[in-house]
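Mind docking chain H on chain A? Use the hints.
Top to bottom, those sequences are chains A and H.
Residue numbering for the first sequence follows the working numbering, beginning at 1 and increasing consecutively.
Residue numbering for the second sequence follows the working numbering, beginning at 319 and increasing consecutively.
Some hints could be false.
[To be verified] The calculated lysine to aspartate or glutamate pairs, modelled on EDC-like cross-linking and capped at a C-alpha distance of 20 Å, are:
1) A:253 <-> A:276
2) A:184 <-> H:489
3) H:365 <-> H:376
4) A:138 <-> A:173
5) A:112 <-> A:123
6) A:112 <-> H:376
These are computed hints drawn from the structure, not numbers from a lab.
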Amino acid sequence: MDSKILIQTDHLYVQFAIPNGKVCAVNDLNLSIKEGEVLCLVGESGCGKSAFGNSILRLLPDNATLQGHIYYYGKDIVRMPEKEFRLLRGKEIACIPQSAATSLNPLIECGKQVDEVYLLHKEKNKSAARKNTLRLFKMLGLPRLPELAGDYPHELSGGMKQRVLVAMGTAAEPKFIVVDEPTKGLDWARKHEVIERIGYMQSMHNSAMLLITHDFSVAELLSDRIAIMYAGEVVEHGETKQVLQKPQHPYTKGIISALPQNGFKAIEGFSPALTEIPSGCRFHPRCPNATCECTVQHPELQKINEPNHVSRCLYAGV
Amino acid sequence: MNNKLDGFRHFCRRNSLFVIGSISVILILFTMTVGPSLCTHDPNAVKYSEKCISPCAEYPFGTDFSGRCVLCRVIYGAHISIGVALVVVVVGAFIGVTVGIVAGYAGGAVDSILMRLVEIMLSFPGTIFALAVLGTLGNGTINQIIALTVVRWAHYARLARGETLTVMNSDYIQAAQAIGNSRLRIIVSYIFPNIIGQIIVIATLSIGPVILAGAALSYLGLGAQIPSPEWGLMINGGKEYIRQAPWITLAPGMAAVLTVFAFNLLGEGIGDMIDPRLKEKAEAD
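So that you can see chain A by itself, here it is in the shape it has in the complex (with noise of 0.2 Å):
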């Protein structure tokens, strides 16, 4: 159980500057993920959850600034030089990116560029690297091998263009991959198929991911721990089973009880925009249970009887 940490974030903002000033996407972020391990963030669109997963894999636009740390086994990568970090990225910390449709080189066929992956970073020999991705392919699921490899992007179901993403992602057999919404625009069954594929991998290869998503059951399947974000903070983080049965935090409650499972129960008004960030708890407008000191005290992150689980809510654990 004692493994190392592999990726820890220290004092993380991530600001945008915009015409008028600056917004900050992620505030104040302190995670750390151990080898192996598969933290979830979960939170709505827009609180900086791919900010964040941007900010490991250094692809963040022009306009975004970095302030604090983020170590990989104990090295600042926000200050590594551009050099050294490519050795990193791809290698050692891959991602599998969101929106499949568009991830995908359309001018290439799919095989050569899973192929690409091991040609930068393993094998020397072309063929090799085929035969590598016809048999990373082929644990992927993925029919009418080898012809498929041939096919262009526009050739392959949206499914199937995720599952070569995945293979991309996962082929240098990285130490850490971010999975930016793997299930994003997929249906039901591919949706569990590709989830149940990106699980088999990370195991096979004993990778940590980051696994960021707002939906609660690829959550639950792959993840150990959980971290709730809302307009750019940690507002809860924990065990995945404690975080879903006892959640503590009234976001994580009010997200909880609005899955179409539990009835439906959407929670009043807008997640608030980075620019007319509310004073106080960041929560407290759309709160149920805010009170006077809510509005002007900003929480800190709070330990609740179990252990590594915390709230940002004054009343947590009361």
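For chain H alone, coordinates are given in the frame of chain A:
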């Protein structure tokens, strides 16, 4: 076998413009390369006893004011007129695409500087600017190529930059970065192949106008020099005889028209084949 034939028929029917265009261009290029060896007359052999003969069996397009075979001259001239245009377009597109991709990929100050330069180039009327360049460099075919290239490259640069920006925003470029590709590799194997289609269309469509611009410069006496059989120069030479011997001007004129027409058909055909929406863009350029 039959299947292949059917497939070919289907292809021809769907891309009729492309098929007609490429056949005409191939015919023209064939005439340009093989034609001179089939000519029975020397294009520059002056024979005053046979001047201004109207078209006949011996001289299908007649002879000019110095008794030279007009058909032979038009065929030899194709080398110069089309050759100049092809060189200008290829070199111009190469420079333009390089500049455009660099500007689009680098962004920031590099982009601003390069694009201001392109805008300055585009703000001059093309022919006038080419005249100015030739005025400083002096006459001649090589200088004509340089002048036309200087005018043309900016068009391709602007197009290439725009396409680069579009491609750069697509998710697969980010995915390519994420698997660990270097910058050069992303440019060469991701951006370039994804923009080259549009560049080819615009380049093919611009061969016609470049042929005409080249002929115009020669007509003004700034490009190829007498006694070269360059088409513009031939038209210029024949203009004084246009009443007695209109074939001297008509033949090279028609040759230019047909060539421009053929290349435009090909360009439109490629455009339709690659992307039906591209046509509007080309017309706006």
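Could you check the structure against the hints above and give me the numbers of any it violates, in ascending order? Hint check: 1 and 6 fail, others pass.
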